[in-house]
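Please construct the entire structure, taking both the sequences and the accompanying hints into account.
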Amino acid sequence: MKKPIIVAALAVTLGGCASAGKGPSSYDLLYSQAQDEIRVAMQMGFLWSDTENLLLQSKQAQARGDKKRAKALAEQALKQAQLAQQQAREQANPEVVYPAL
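For what it's worth, my numbering labels the leading residue of the sequence shown as 156, then goes sequentially.
Incorrect hints may appear among the rest.
Think about it this way: if two alpha-carbon atoms lie no more than 20 Å apart in a straight line, the pair counts; the simulated EDC-like pairs of lysine to aspartate or glutamate are [to be verified]:
#	residue 1	residue 2
1	Lys223	Glu207
2	Lys222	Glu207
3	Lys226	Asp191
4	Lys214	Glu245
5	Lys226	Glu245
6	Lys234	Glu245
If you're looking for bench data, these hints aren't it; they were derived computationally from the structure.
As structure tokens, this is what we get:
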């Protein structure tokens with residue numbers, strides 16, 4: 156009599172553990188982070204011209220199943236967006252240097 160109850164309890168417990176490991180893939184997290192950084196660079200007015208295209212190519216590569224290329228393109232888009240933000244910060248208050256006479 157107790158055996159079916161124990162089996163049912165184990166099934167529920169182990170089933171819950173199996174689904175707990177599922178979540179966004181590392182590519183999904185990278186893609187999301189790149190989107191966020193692109194959005195910030197765009198708000199700063201310094202988004203580079205090909206950054207969004209890199210992310211689009213990344214998504215297309217992922218859809219084709221080329222995970223390695225998709226990840227590389229997403230990483231490149233992320234890096235470009237971060238560099239665009241750095242450029243915006245550095246050029247926000249440029250230091251004026253006058254040549255000595």
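Going down the list of hints, with the structure as the test:
no., hint, verdict
1, Lys223 / Glu207, "holds (19 Å)"
2, Lys222 / Glu207, "holds (18 Å)"
3, Lys226 / Asp191, "holds (16 Å)"
4, Lys214 / Glu245, "violated (31 Å)"
5, Lys226 / Glu245, "violated (28 Å)"
6, Lys234 / Glu245, "holds (16 Å)"
Of the numbered hints listed earlier, those contradicted by the structure are 4 and 5.
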